[in-house]
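Asker: Now for the letters of each chain:
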Amino acid sequence: MGATNSVTTQSKLVVRPLSGALGAEISGVDLSKPLTDELFAEIHQAFLDYLVIFFRDQDLGPEELIAVGSRFGELHIHDYTETMKSYPDVVEIIKLPEEKHNWGDHWHIDSPSFECPPLGSVIHAKDVPPYSGDTQWSNMYLAYETLSVGMKRLLSRLECVFEGSHKGFMNYGGMPHKEGPDRTATHPVVRTHPVTGKKSLFLDVKPGRNFKDMTVEESASLFDYLYRHVANPDFACRFHWENGSVGIWDNRCTLHRVQRDYFHELRGVPQSLRYLTRVQMLGDRPY
Amino acid sequence: MAATNNGQISVNPVSGALGAEISGIDLSQPLDNKTFSDIYQAFLDHLVIFFRDQDITPDQQKAFSQRFGKLHIHPLTEGMADHPEVIEIIKEPEERHNWGDLWHIDLTALERPTLGSVLYAREVPEYCGDTQWSNMYLAYETLSDGMKSLIDGLVCVHTGGADGYKSFKGMQHIDAAAMRAEHPLVRTHPDTRKKSLFLSRKAIKHFKDMTPEESAPLLGYLYEHSINPDFACRFHWRNNSIAMWDNRCTQHRVQADYFYEQRGFEPVRRRMHRVSIEGDRPV
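Chains as they are written, first to last, in my numbering: chain A, 1 to 287; chain B, 1 to 283.
Hints were generated in silico from the structure; no laboratory data involved.
Facing chain B, according to a computed beta carbon distance under 10 Å, are these residues of chain A, among others:
#1 Asp105
#2 Ser132
#3 Gly133
#4 Ala236
The calculated DSSO-like cross-link candidates involving lysine-lysine, where the alpha carbons are at most 27 Å apart (straight line), are:
#5 B:Lys148 with A:Lys100
#6 B:Lys194 with A:Lys100
#7 B:Lys62 with B:Lys169
#8 B:Lys195 with A:Lys100
#9 A:Lys85 with A:Lys126
#10 B:Lys62 with B:Lys34
#11 B:Lys194 with B:Lys34
#12 A:Lys212 with A:Lys199
#13 B:Lys202 with B:Lys148
Pairwise CB distance ranges, derived in the manner of DEER restraints:
#14 B:Lys208 with A:Tyr287: 52 to 58 Å
#15 B:Ile9 with A:Gly150: 50 to 56 Å
#16 A:Arg56 with B:Pro30: 36 to 42 Å
#17 A:Tyr227 with B:His173: 32 to 38 Å
#18 A:Asp79 with B:Ala178: 57 to 63 Å
#19 A:His166 with B:Gly69: 53 to 59 Å
#20 B:Pro30 with A:Asp30: 46 to 52 Å
#21 A:Lys178 with B:Thr4: 42 to 48 Å
#22 A:His166 with B:Lys208: 47 to 53 Å
#23 A:Lys152 with B:Leu218: 32 to 38 Å
#24 A:Asn232 with B:Arg193: 33 to 39 Å
#25 B:Thr4 with A:Tyr287: 53 to 59 Å
#26 B:Phe36 with A:Asp127: 35 to 41 Å
Cβ atoms here follow ideal geometry from the backbone N, Cα and C, with glycine treated the same way.
With the hints as constraints, model all of the structure from the sequences given.
Answerer: Now the structure itself:
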């Protein structure tokens, strides 16, 4: 990062960090227009430096969203949820007004049960509540770097078994799920980012998991410690969506979670639709 | 709680859980009773209220705070030389921890913990040291009926002392005797009459008439429950921002995200002025 203040780059992009941990808001770019290689290189550098980047007031249809995602890599198709009819790369993330839970409201990595989990995602907010359903991201480089030397060494020998099933996607009224075969993948708990070369914890919060070649019981205490550690609020930033906001995150070195703060009765919060569109980019095999 | 606008002040919620930003008000000026009563209602409804771009002196901060009650003198930290009721909260650039970076309620080891505080940002980092607040009414209300009846009547033993105040370079602690108080785990707010969890992990050692070991499982569960991120809002400070929170029904914590080496940015100073208001005995 190397700066305390906002960074203005040659092309007038302004990159403003959002927290000491990660995240930056970028202004001075219209993502609906094709990005020159030079401009994309600056955006990509901010993506690597800040792990999650945000843009406000963007007007993106599915084709423009696909175009933005495609600059980061080939697109990944989500297989446990119906995608847009004419655009199989695009998932419509919909929370109906009366629903009180989100697609993704615990700390998680997207689709780690793939042998090659997605590189990252581009999300565009179409119709979001005035003050509920923020998203938090957490910096998994920091989660690794803040461990002791001994713990780093211990974890470097471990692999985590990730299981995926369409059953986890059945519970969303606005999002028809798609049946598909269960998946299992095993990935190192400490992975190396293929571009930055930095190590991060690759682990999301899901009780009942086991490390490779170990039982669930043997794994539980260590997972429990790591789950608390990765959820340390000091590693996180929080983003408040507005219609037209865009978030692009690196799924290789972050966790994220959506606020489930739809306290309609308890707080008199009005019932609101939350509607975003998303594309994901193909990742490589963690090592 | 929906956004409101009475023609003068606007109240805009910042999350589904708690918190609202109030605009249309200059806190350097005396408040008429109608305006103060609107602010007080927003304070009760939203638990923590925020104001931006306020230019006030310590005397004006005290005058505003006094509308909520008698000013409190901190037993363990020196106030400003000319204003003993005003604590200057300073994190020097090289320090990486804050005064209050674990989830807590202020001064629960006092028999009468504070009602709340008015915190004024004088000199804050561009992007570190945000503060989060958490809604302890929600923490109580979202428990099962069985759990609510189980914990009804439990009393917590709170302790506190100077030790926790010694490691801040820019602040002067006071060597006062250790404090101890007993408070109900579930308290009823004197104004709203609503119940909340009155739980602050660092201060509570055990339930009254139970050992620490016996207390640990239930205290541990309730503490984890109370820090569910869904109950929280997060406020990004700018110079001249003010937050005022209700210490009777919220917890708060400051982000200790001063990752200078790991993230490659320059050390930053953080300086705020805090005035607190005397509270009553929790029931």
